[in-house]
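Colleague: Chains as they are written, first to last, in the numbering used here: chain A, 3 to 216; chain B, 75 to 926.
For the record, the hints were derived by calculation from the structure and aren't laboratory data.
We put the CB at the ideal spot given by N, CA and C, even for glycine.
Don't take every hint at face value.
[Said to hold, decoys possible] In silico lysine-lysine, DSBU-like type, Cα no more than 30 Å apart, as pairs: (1) B:Lys678 with B:Lys648; (2) A:Lys75 with B:Lys678; (3) B:Lys678 with A:Lys86.
[As the list claims (entries may be wrong)] Only part of the chain A face toward chain B is listed, based on derived beta-carbon distances under 8 Å: (4) Cys101; (5) Asp138; (6) Ile149; (7) Pro161.
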Amino acid sequence: MSDIDGKEKIEPPPSTLSRRDLIKGVIVGGVAVSSASYLFRASTLVGQSARGTGERLLTINVNGQLRRVDVMKQETLAWTLRHKLGLTGTKLGCDRAECGSCTVLIDDVPHYACSVLTHTVRDRKVLTIEGLASPDGTLHPVQQGVIDEQGFQCAFCMPGFIMASVAFLKTNPNPTRTELAHGLSGNLCRCQDYDKILTAMMRGAENMRRASRA
Amino acid sequence: MHKSDTESVAATVAATPRVYGPGHKLIGKDYATADLYAKVTGQAKYAEDYHADGMLFCKLLLSPLPHARVKHLEVRAALAMPGVRAILTADELPPPADTLTDNGTVIQANPNSERGLTMEPLYRGEPILAVAAVDELTAAEAIEKIRIEFEPLPFVIDPLETLRPGGLNPRKDGNIWVRPPAPAAVAGSPPPAPPPPTIGELKWTEADFAEAKGVRLPIGKTPDEWSYGDLEAGFRNAALVLDETFVTPDTSHQTLETRSAMAYWQNGKVYVHTGTQSTAQTVPAIARWLNIDVAKVVLISEYTGGGFGSKGTAAVSLVIPALLSKKANAPVMMRISREEETFIGRARPSLLGRMKAGFSKDGRIVALDMFVISNNGPYDAQGDVPTSGRIVSLLYQPQAMRWRGATVLTNTPPRSAQSSPGGMQGIVIMEPVIAKAARKLGLDQVAIRRINCPEGKAPFGAAVQGKRPYATSAFLKEALDRGAEQFKWSERVSRTPKRIGTKVRGVGVSLSCFVGGTVGFDGILVIKPDGRVSIRSGIGNLGTESVIDVHRVAAEVLGVPWEKCEITWGDSSKNLPFTCVSGGSQTTHAMTRAAHATAMDARKKLQEIAAKKLGGKPENYDVGNERVFRKGGGAGMTLAQAANYAIQLGGIYDGHEVSPDLNKVTKASVAALAGQGLVAAAKDNYPRDGATFSYVASFAEVEVDVETGKYYIVDFLAYADVGSVVHPRALGGQILGRSILGIGHAIGQKWVFDPHYGAMLSTRFSQSKPPTILDVPVNMQWAALDIPDPETPVGARGVGEPPVGGGCASILNALSDALGDDIFRRAPVNADTILTSVEAGRPMQHPLKAHI
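Please construct the entire structure, taking both the sequences and the accompanying hints into account.
Modeller: Here is the structure:
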């Protein structure tokens with residue numbers, strides 16, 4: 003690594019390398035250019051290239067409603083929500099449990115929906131950002147906290163942050179900023195608006211406490 | 075990276091509540107923006123959230139090699155698969171179109187620019203072809219069935235390697251862009267077309283490399299250079315001369331929303347859904363990429379999930395779903411994965427810099443010889459290298475300066491501007507030199523910056539036609555003083571002991587600045603017959619809220635309650651004005667000017683309508699409280715009545731006639747709005763003396779554990795000189811958000827490559843980690859001077875880029891305060907850097923390689 007004279011030998015480019023050999027070589031190094039990630043099967047082609055991708059009809063409880071949906075074995079909850087149930091408030095930022103944009107609550111516990119298989123949430127309650135406000139349109143206290151403090155910039159991370167915050171505040175209703183920051187540390191904001199987010203979520207906590215006293 | 079006791083420490087930074095915008099009702103006041111409700115309820119739609127009937131999905135075949143030629147391509151088996159609808163290859167892309175500028179100049183298309191697909195990939199991960207199918211799994215299986223043979227070509231990842239004598243070239247014609255001289259102008263005809271740049275070769279000599287002894291950046295010939303003042307005399311008379319090399323990282327923008335795009339065709343028009351930093355200016359970009367008339371393009375982009383420079387006018391890759399959609403006769407969604415975004419998304423170029431700086435004994439920079447090269451990737455030259463010189467010359471006001479630079483091509487993913495492009499790298503290369511000089515000269519770190527600080531109409535760069543350009547204003551010295559007071563700088567510096575056990579405290583300060591605004595754009599508003607005001611915004615919605623904030627100016631000028639104003643944004647078919655791209659911190663400055671001009675146009679029309687209907691002269695009337703009324707009392711009318719009269723009068727009053735100086739985009743929008751009420755449309759023709767910049771003084775304290783190499787940011791303050799404050803909360807989000815973007819470059823983000831395969835190893839968030847909520851203090855501080863810029867009617871300047879350099883450099887300076895000058899000569903500084911260097915007593919990382 004510290005080849006101080008800066009004259010590292012340049013290897014001649016490989017001349018007889020197929021795409022597959024190259025990929026094999028690179029896989030050893032830990033990465034590969036693969037198109038076979040981030041993929042989903044629509045319902046229209048069931049059985050045509052089967053190999054265990056067939057769908058099954060499930061009933062899941064989403065935002066207090068029982069929803070019947072055809073689901074593949076390997077289908078993630080994020081895909082089911084976004085592309086089959088039309089709940090696009092749940093965002094995909096990385097699809098690999100790194101960013102938290104897809105955070106939803108399953109029985110009140112925050113989960114990355116990109117890394118939960120839909121068939122595992124049968125008999126459990128899924129709550130997404132769309133189900134947070136009251137049916138009459140009254141915002142959840144945490145949502146109201148964002149409006150009060152102009153929290154977040156682009157807001158692509160916002161649904162995940164709000165869901166994580168709601169879950170954390172249910173069990174920790176009176177946190178310090180540090181405690182709440184730890185509760186939200188599974189969520190990434192690339193606008194890096196953390197200070198204002200934390201202020202908005204603290205306001206949300208205050209709103210929740212006030213609502214529970216009322 | 076977090077400390078549970080930071081809250082008590084943070085309390086030492088006094089948060090002084092400030093009142094912004096005295097004398098204004100709306101400007102300088104907090105309010106909830108109109109886009110927030112949709113955001114908190116999950117209703118806000120980003121490109122990937124749209125679903126059109128019969129929509130197909132597409133997948134890309136990416137190059138596995140960093141430089142190659144496709145020798146053989148066989149797609150029949152893939153096309154024959156059930157569910158596969160179309161395959162798009164590079165030979166089906168339209169030829170790149172020339173651009174006709176507003177003053178009639180034709181900018182010729184560059185045939186060597188990026189086009190979206192290619193048969194000669196110039197970096198690993200470059201798209202070769204795309205498959206549209208009924209779903210993504212089918213498209214991906216089809217890609218596996220494509221037989222493709224590559225001829226590997228020589229590649230180069232490191233800019234210094236291609237500059238060596240006999241070094242390989244990243245493109246077959248060379249390693250730098252060369253701009254051929256423009257043909258001579260002919261009197262009476264439009265300026266002649268500048269020829270597109272061509273690719274040339276730049277090689278340095280063995281002697282150039284030998285002089286640097288492998289520990290400094292070699293200095294060879296460069297295509298660009300400027301200077302002012304007597305450099306040699308400056309060095310001769312200097313009390314201290316330092317010669318330092320510094321390396322900044324390549325960093326992906328890592329917008330949380332990738333550049334996914336969906337497109338369909340209807341009645342001969344293409345409808346494109348994608349994220350962008352400008353609704354108005356992305357339309358001509360799409361038209362140019364697809365080589366079609368701008369009237370055939372509709373862009374829908376209500377919400378964009380981050381840009382930071384990577385989505386200036388969206389992304390050329392959107393031609394893929396647009397053309398596939400035409401071919402398959404169905405809507406096509408192209409979802410871009412995080413890995414794909416790392417390849418076809420954008421990144422800030424790494425700069426390697428060498429600064430020879432001469433200081434007087436009181437710390438004034440008397441001479442500066444700045445030399446920089448960048449790793450540009452294979453495509454269009456980015457402006458980071460020249461910008462770095464201009465920003466350093468403005469921010470530190472060296473008495474004499476020479477700048478030399480080269481933008482070097484490599485086989486790495488394409489770069490673009492990233493928040494404070496070039497400015498951030500220039501500041502980060504310069505600041506450690508100043509910190510070291512202060513230590514050598516026994517000076518306080520704030521004092522040495524104060525003595526070099528720009529003030530008033532501060533000059534920058536080299537003379538143009540005998541005169542050096544200068545800034546509109548600079549109040550940075552005041553921001554530095556107030557910041558030092560708020561941060562309790564002197565107390566922190568004198569606190570002892572610095573070391574307790576294995577923990578060492580360090581404090582750092584940095585100056586920072588960047589361009590803060592442009593001029594000459596348009597605005598449109600309509601006063602409707604019901605008295606409400608409809609304002610058209612062509613600004614992209616990145617969440618900085620400038621898309622809405624700038625229009626508070628129009629409401630303020632007209633005296634209309636904000637609740638009566640409706641902002642229309644995010645859809646190019648909704649008659650938007652010609653607007654700046656939200657990049658380079660232009661928007662707040664440029665578009666508050668346009669909003670002001672538009673409101674003044676409305677005001678003038680209201681006065682004229684009142685005079686026509688009620689007698690007297692227009693100047694006898696005033697506008698306010700939703701009325702136009704005779705000054706000193708008497709007759710008047712409501713805005714609703716005036717709007718109805720405007721429709722009766724027609725002509726200039728309801729948009730049937732327009733001011734000739736408006737951009738053609740604005741004229742077309744006004745024509746479509748004509749007759750809907752009192753239509754006001756104006757171009758920002760306000761004078762401006764100087765170039766607009768914004769400034770920040772950044773302060774940080776760190777605590778380093780010298781046994782583990784781990785460090786925490788204990789406190790941070792950014793004190794901004796950004797002119798008048800328009801929307802305090804949004805401003806605070808920008809000042810701290812962009813500071814943390816800079817901090818990311820100090821504490822963790824960088825590209826790493828496998829040099830043998832030319833493969834990037836840092837393709838995920840976890841491998842080039844942006845700061846998380848635990849990496850920064852839980853109570854960060856910001857403040858703004860709120861001193862209006864004298865060269866713009868509202869006094870407001872832009873803010874996006876200016877905090878970035880200071881965010882990074884204040885952390886680096888705090889680290890060197892804690893650890894000394896001989897620990898690192900690069901960013902980011904990670905725990906391994908600290909551990910190995912502290913043990914050895916000298917920097918232990920390779921001095922010139924960015925990708926380690």
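Colleague: Next step is simple, just say for each hint if it's right about the structure.
Modeller: Consistency of the hints with the structure:
1. B:Lys678 with B:Lys648: Satisfied, since the Cα-Cα distance of roughly 25 Å is no more than 30 Å.
2. A:Lys75 with B:Lys678: violated (66 Å)
3. B:Lys678 with A:Lys86: violated (54 Å)
4. Cys101: holds (6 Å)
5. Asp138: Violated, because the Cβ-Cβ distance from A:Asp138 to chain B comes to roughly 13 Å (cut-off 8 Å).
6. Ile149: This interface hint holds because 5 Å falls under the 8 Å limit.
7. Pro161: Constraint on A:Pro161 satisfied, holds at 5 Å.
When each numbered hint is compared with the structure, violations occur for hints 2, 3 and 5.
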